[in-house]
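What follows is each chain in one-letter form.
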Amino acid sequence: MQFTAAQISFLINGKIEGNAEAVVTSFGKIEEAEQHQLTFFANPKYEEFLYTTHASIVILSEGYELKHAVRPTLIRVPDAYSAFALLLSKYEEVARQQLKGIEQPSYLAPTVTLGTDVYIGAFSYLGNHVKVGNNTKIYPNTYIGNNVKIGSNCIIHPGVKIYHDCVLGNNVIIHAGTVIGGDGFGFAPQADGSFKKVPQIGNVVIEDQVEIGANTTIDRATIGSTFIKAGAKLDNLIQVAHNVEVGNSTVIAAQAGISGSTKIGNHVMIGGQAGIVGHISIADGSKINAQSGVSKSLKSPNTAVTGSPAYDYTSALRSQAVFRNLPEMERRIQELEELVRQLVAERVNSL
Amino acid sequence: MQFTAAQISFLINGKIEGNAEAVVTSFGKIEEAEQHQLTFFANPKYEEFLYTTHASIVILSEGYELKHAVRPTLIRVPDAYSAFALLLSKYEEVARQQLKGIEQPSYLAPTVTLGTDVYIGAFSYLGNHVKVGNNTKIYPNTYIGNNVKIGSNCIIHPGVKIYHDCVLGNNVIIHAGTVIGGDGFGFAPQADGSFKKVPQIGNVVIEDQVEIGANTTIDRATIGSTFIKAGAKLDNLIQVAHNVEVGNSTVIAAQAGISGSTKIGNHVMIGGQAGIVGHISIADGSKINAQSGVSKSLKSPNTAVTGSPAYDYTSALRSQAVFRNLPEMERRIQELEELVRQLVAERVNSL
Amino acid sequence: MQFTAAQISFLINGKIEGNAEAVVTSFGKIEEAEQHQLTFFANPKYEEFLYTTHASIVILSEGYELKHAVRPTLIRVPDAYSAFALLLSKYEEVARQQLKGIEQPSYLAPTVTLGTDVYIGAFSYLGNHVKVGNNTKIYPNTYIGNNVKIGSNCIIHPGVKIYHDCVLGNNVIIHAGTVIGGDGFGFAPQADGSFKKVPQIGNVVIEDQVEIGANTTIDRATIGSTFIKAGAKLDNLIQVAHNVEVGNSTVIAAQAGISGSTKIGNHVMIGGQAGIVGHISIADGSKINAQSGVSKSLKSPNTAVTGSPAYDYTSALRSQAVFRNLPEMERRIQELEELVRQLVAERVNSL
Chain A
1 MQFTAAQISF
11 LINGKIEGNA
21 EAVVTSFGKI
31 EEAEQHQLTF
41 FANPKYEEFL
51 YTTHASIVIL
61 SEGYELKHAV
71 RPTLIRVPDA
81 YSAFALLLSK
91 YEEVARQQLK
101 GIEQPSYLAP
111 TVTLGTDVYI
121 GAFSYLGNHV
131 KVGNNTKIYP
141 NTYIGNNVKI
151 GSNCIIHPGV
161 KIYHDCVLGN
171 NVIIHAGTVI
181 GGDGFGFAPQ
191 ADGSFKKVPQ
201 IGNVVIEDQV
211 EIGANTTIDR
221 ATIGSTFIKA
231 GAKLDNLIQV
241 AHNVEVGNST
251 VIAAQAGISG
261 STKIGNHVMI
271 GGQAGIVGHI
281 SIADGSKINA
291 QSGVSKSLKS
301 PNTAVTGSPA
311 YDYTSALRSQ
321 AVFRNLPEME
331 RRIQELEELV
341 RQLVAERVNS
351 L
Chain B
1 MQFTAAQISF
11 LINGKIEGNA
21 EAVVTSFGKI
31 EEAEQHQLTF
41 FANPKYEEFL
51 YTTHASIVIL
61 SEGYELKHAV
71 RPTLIRVPDA
81 YSAFALLLSK
91 YEEVARQQLK
101 GIEQPSYLAP
111 TVTLGTDVYI
121 GAFSYLGNHV
131 KVGNNTKIYP
141 NTYIGNNVKI
151 GSNCIIHPGV
161 KIYHDCVLGN
171 NVIIHAGTVI
181 GGDGFGFAPQ
191 ADGSFKKVPQ
201 IGNVVIEDQV
211 EIGANTTIDR
221 ATIGSTFIKA
231 GAKLDNLIQV
241 AHNVEVGNST
251 VIAAQAGISG
261 STKIGNHVMI
271 GGQAGIVGHI
281 SIADGSKINA
291 QSGVSKSLKS
301 PNTAVTGSPA
311 YDYTSALRSQ
321 AVFRNLPEME
331 RRIQELEELV
341 RQLVAERVNS
351 L
Chain C
1 MQFTAAQISF
11 LINGKIEGNA
21 EAVVTSFGKI
31 EEAEQHQLTF
41 FANPKYEEFL
51 YTTHASIVIL
61 SEGYELKHAV
71 RPTLIRVPDA
81 YSAFALLLSK
91 YEEVARQQLK
101 GIEQPSYLAP
111 TVTLGTDVYI
121 GAFSYLGNHV
131 KVGNNTKIYP
141 NTYIGNNVKI
151 GSNCIIHPGV
161 KIYHDCVLGN
171 NVIIHAGTVI
181 GGDGFGFAPQ
191 ADGSFKKVPQ
201 IGNVVIEDQV
211 EIGANTTIDR
221 ATIGSTFIKA
231 GAKLDNLIQV
241 AHNVEVGNST
251 VIAAQAGISG
261 STKIGNHVMI
271 GGQAGIVGHI
281 SIADGSKINA
291 QSGVSKSLKS
301 PNTAVTGSPA
311 YDYTSALRSQ
321 AVFRNLPEME
331 RRIQELEELV
341 RQLVAERVNS
351 L
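In order, the protein sequences belong to chains A, B and C. For the first sequence, position 213 matches number 213 in the working numbering, and the numbering has no gaps at all. For the second sequence, position 131 matches number 131 in the working numbering, and the numbering has no gaps at all. For the third sequence, position 256 matches number 256 in the working numbering, and the numbering has no gaps at all.
Next up, chain A with everything else stripped away, as it sits in the complex (with noise of 0.2 Å):
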């Protein structure tokens, strides 16, 4: 796909200085950007670039005054990073609806149903009854297993696994690699020490607008649904375990780990590699810091912690604040030891 400065600029409501014949093929960093790329210009802090670049369209802002001529066609609007992201979501998403049919050789269960203007990638699995909604494309390598029901407009990558009777809304976006609905962690000590299954026959329903990162595991329930809420995001290799419900629009880094049946409320915020005990609660828009070991319910909403065993944010950094004067502060209690072993000793001599 090519375009113009004229082009561009009637999409983002802008004006253009210089040449609106020039074109662009593609997007670049403005101090990487080459001939026929479109880039933007924002932070001060890359104004230098804005006179070298050798990108042949430049996004700015209108009240930027310009210190000397620039080589690139220049549109002007009044917040350039976001017309410039409104392009790229433009530009993705109409390569996106090229997307169309069914690639063969492919495997569709002859009771599957799909919507109109589907996608489905060569080497995917659409086992017994899954439903496929409208204009959702399902990239090569995916298994879907039997009764699946993935809504409209959604976006499954390669590789994607997701078991049975699991259940997709709207607006879903799965990286490649996830998987779920595998079986929940769920063994019954035996008499003998062994283990013994306890079936994980319940799902996971995963609600509109959510995005999941690549290489994550989210487990079904042992009986009823694990719940992804809508507008919630998840990061790469995150585990989600079986009946764990994870709330509206709340965002998860990667490598977090939400043990089985806890709930997780709307709008929080879990940092990187934190985890979190089975069975408790988390209260709306508490903040986990990155690492944190939460091992108790977070009750009030809106409290930020940290730590493993995690707790209140500021407390916890002025603890390891005085973590790392550990050595320092044994020594000053060595010190005061001593003086008050000569202190007694002279108290008992002077009586």
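Hints should not be assumed to be uniformly reliable.
Because identical chains share one entry, a pair is satisfied inside a single copy or across any pair of copies.
What the hints assert, rightly or not - Using 25 Å as the maximum straight-line C-alpha spacing, the simulated DSS-like pairs for lysine-lysine come out as follows:
id: 1; residue 1: K137; residue 2: K196
id: 2; residue 1: K149; residue 2: K137
id: 3; residue 1: K149; residue 2: K263
id: 4; residue 1: K15; residue 2: K29
id: 5; residue 1: K100; residue 2: K137
id: 6; residue 1: K131; residue 2: K90
id: 7; residue 1: K196; residue 2: K29
id: 8; residue 1: K90; residue 2: K45
id: 9; residue 1: K15; residue 2: K67
id: 10; residue 1: K131; residue 2: K100
id: 11; residue 1: K29; residue 2: K149
Hints listed in this document are in silico derivations from the structure and should not be mistaken for laboratory results. For clarity, every value in this text was computed on a predicted model and none was experimentally measured.
The hints should help you fit chains B and C onto chain A, whose structure is shown.
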């Protein structure tokens, strides 16, 4: 599949109260179950739902006395949860047994040997000399390398990758996306600061009754074997490095990692996100808390550790408790220093 | 493949003692090797096995003096382990070179360009304009997105997913299930508390001689590239976020995570399960201990850190040692307080 109350009661040796012809087609939790679902009532906390549930059949204990009439058909048994779990297992077993035959397209080298009642899903790849035992089910999009041997009654979920020469026993379950037998992480530092790959030509041996979660990685040995012994249960996203041994009926929670050549004993429990360094031994029955970092061998059986670096559980909890008071403790030391300084000064003055 | 002692001795320039016609077909550890296996003896700890091994051929050092006669054929070389490793490498190389051609069914877009001696496994998908260099082996069930460029002599193990526009150099190895080029985790908070996806239109560039383990995830840049520089070695289940740079010959152990836009220098070593926050720099030669949490740039080269938050290794170890004595330390402070209280009281009384 659908079942009547009479059929279910027969299977679990129960006594029917109500309509023996009531029909169910699936399972549900008592608080969420819909018509034509089967549920159970065991925990008194859920008593109210017994009288409001939409389930068609409820399994409950012989001893429970109804407060008033209920809508569903009841089936009385000595232990409601066990009876329910038994039904779940039977249901899954029956569903699994219907999986048979080789779906097309799939790739089986001419030298592959298959037992009876085997299922091979579409887009699965079985290399040279692969052997698969009776009644083993291999889901779609799976890769089984040359010379791999898989026992009987195994379930290999979609997208599992097993490298060449690995060996699986009987009744092994491996969940989606897990990688068995990738190269161990072995590199010899060179004089110029670069690293040279050390060939990893061992394999992975997984014994009977082992279950491994989704997207876990178990590396092949440099020479010899990485072992997962009989009855061990591993959760999702776990790292098991080359030449590790995991003992019988040991349980490892999600996102834990075990470094190279470490030997984990029998009946050990390892919490989520725990890490264990290489070349150490963990005694039988050890309990390693979530997020612990074990840097030394645990030599006495049945001890519990926590923390990073990990040590004795009870002591570590005490240290963690004091840790929270470190700023307060520092303040107390400052006060003591002030008081002692005054005492010393007065003593000097009094001389 | 089978080899005689004479052939092996020729390959490693050794001297034979015993039957030059002894035949081996595979490799083993000295304590476990069976007939027709080749092993080596280098570590004196294993001396007893030299006299009991069932191996048919043993490689050992020129200097070692036999205590009594041994059964296997011996091959003497200056450095037994190096000679053995060389044979392993040769063996793997030969095995790999036998992989050639395009297995069916596979999906190659008409615009794909393949070098000579390439292997494409069944069920692999190569999108538009994909380029694959000479002698590169792509195992089954792999997804290679549009415009991806892969150099020569690479090994892409089964089930790897490489998103569009990513670039791999020569001699790159990527293990099974790894995802290259998934979207970076970028969301703009909206006024209503929801999050809007920031398009991720950069790519991932992986330079020569890089090896990446299984089920690792490396996200594409928002704009520009996420870089893995030449000779870097990454283990399994690692998270590398968008716009990160990993330097030359840097080594990262399993389950470590690096947040967005952080720059890791050359020859850095990062331990397992370590986490590094975003937007910082790690100086060349830094050593980051396992499970550390690095929250600030490391500016001096060749320093070691540990802990979470991480700081100077030696100091942190001292603090950790004191940490274990915190309850005892608190007791000592209480004693001091009691003694000082008495001293103060007496002083008051004596006035």
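Consistency of the hints with the structure:
no. : hint         : in the structure
1   : K137 to K196 : between (39 Å within a copy, 20 Å between copies)
2   : K149 to K137 : both (14 Å within a copy, 24 Å between copies)
3   : K149 to K263 : within (24 Å within a copy, 41 Å between copies)
4   : K15 to K29   : within (21 Å within a copy, 61 Å between copies)
5   : K100 to K137 : within (8 Å within a copy, 30 Å between copies)
6   : K131 to K90  : neither (27 Å within a copy, 27 Å between copies)
7   : K196 to K29  : between (55 Å within a copy, 21 Å between copies)
8   : K90 to K45   : neither (27 Å within a copy, 52 Å between copies)
9   : K15 to K67   : within (19 Å within a copy, 77 Å between copies)
10  : K131 to K100 : both (16 Å within a copy, 24 Å between copies)
11  : K29 to K149  : between (40 Å within a copy, 21 Å between copies)
Hints 6, 8 from the list above are not met by this structure, while the remaining hints are.
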